[in-house]
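Asker: These protein sequence lines map, in sequence, to chains A and B.
Counting from 1, position 168 in the first sequence corresponds to residue 167 in numbering that gives the first Met the number 0; the numbering is continuous, with no gaps.
Counting from 1, position 50 in the second sequence corresponds to residue 49 in numbering that gives the first Met the number 0; the numbering is continuous, with no gaps.
Warning: the hint list may mix true and false statements.
Said to hold, decoys possible - Here are the computed distance ranges between Cβ atoms for each label pair:
1) Asn1/A <-> Ala64/B: 27 to 35 Å
2) Val158/A <-> Ala64/B: 53 to 61 Å
3) Phe67/A <-> Arg33/B: 37 to 45 Å
4) Gly176/A <-> Arg60/B: 25 to 33 Å
5) Ser54/B <-> Leu109/A: 26 to 34 Å
6) Ala86/A <-> Glu57/B: 45 to 53 Å
7) Ala178/A <-> Gly47/B: 15 to 23 Å
8) Arg74/B <-> Ala161/A: 52 to 60 Å
It is worth saying that the hints were derived from the structure and are not from the lab.
Please read these numbers as outputs of a predicted model, since none were measured by experiment.
Ideal placement from N, C-alpha and C gives every residue a C-beta, glycine not left out.
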Amino acid sequence: MNEALWALGRGTGVVALLLLTVSVVLGIVTRSGRPLLGLPRFSVTLVHRNSSLLASVFLVIHIVSLFFDSYAQLRVVDFFVPFLGAAKPFWLGLGTLALDLMLAIIVTSLLRRWIGRRVFRVVHWFTYALWPVALAHSIGNGSDGTSVWFLALALASVVLVAVAVAWRVSANFIEFGNARKGETR
Amino acid sequence: MSRERRPAATLHIDWTLCDGRGLCTELLPERLARDEWGYPLARDGSGGDVPLAASQLEAARDAVALCPRLALTLRKD
Ligand code: SF4
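Let the hints inform the model, and build the full structure from the sequences given.
Answerer: See below:
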């Protein structure tokens, strides 16, 4: 039973991280207001939203399965308060931190119509902290964290996000950006 | 006015919020075009309050939910 829980906890953690990477990259890319690889803008936004919601589902399974796994020695307080863990408190703490950020971002996203745009935007910016923290947690805490296949995946994710961020801050990022600045194309 | 022509609802665009990201123009191509800066423009010249036929309500609801700037509201007439 423990083996199964542990395997489930590992697998779902990896999937959650990959879904999060997809969501982060699409979130950055869709900010440009452009369609992506033939996907219309609203589809990009939908995939962005749904991949993060799916990531939270996997995150819940990840946490619950490891809670019932005796190796991980998780307590309820470790869900919410970082760096108190019995095993690898620092790396586990990063996971807790990521969960707290994720909760804040998901809740404010679902409620954005009611809490107002400013709160939604400010909290959504925390994603730039959430993603690296989650990645560090998976490398430092995961039993596969330092295996070659996982590091290769992690590296590919970092490259993807870095490319998206580089494009985000580049001059030609915003569609119609030139027209809006009154420049000739 | 014939039945089909009477608007079922109005889509209100708040220009102070809109950033011209073009999602609504994709979802409601029969109603909205984009100006030369990418901002949505009612095809019938109705400005910021776009009348919708019943068949466009579904797409309009999606646009309201997905507009990244929360610039759209749907008003039932
Ligand atoms: S989806 Fe929203 S931000 Fe984008 S063009 Fe339409 S109203 Fe403006």
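Asker: Each hint: holds or not?
Answerer: Results of checking the hints against the structure:
Checked against the given bound of 27 to 35 Å, the beta carbons of Asn1/A and Ala64/B, roughly 43 Å apart, lie outside it. A beta carbon spacing of about 32 Å between Val158/A and Ala64/B contradicts the range 53 to 61 Å that was offered as a hint. At roughly 53 Å, the beta-carbon separation of Phe67/A and Arg33/B lies outside the given 37 to 45 Å, and the hint is violated. Taking the beta carbon of each, Gly176/A and Arg60/B are about 29 Å apart, inside 25 to 33 Å as hinted.
Roughly 29 Å separates the CB atoms of Ser54/B and Leu109/A, a value that falls within the hinted 26 to 34 Å. A hinted range of 45 to 53 Å for the beta carbons of Ala86/A and Glu57/B is consistent with their spacing of about 51 Å. Restraint check, Ala178/A to Gly47/B: a C-beta distance of roughly 21 Å satisfies the suggested window 15 to 23 Å. A hinted range of 52 to 60 Å for the beta carbons of Arg74/B and Ala161/A is inconsistent with their spacing of about 43 Å.
The structure does not agree with the numbered hints 1, 2, 3 and 8 stated previously, though it agrees with the rest.
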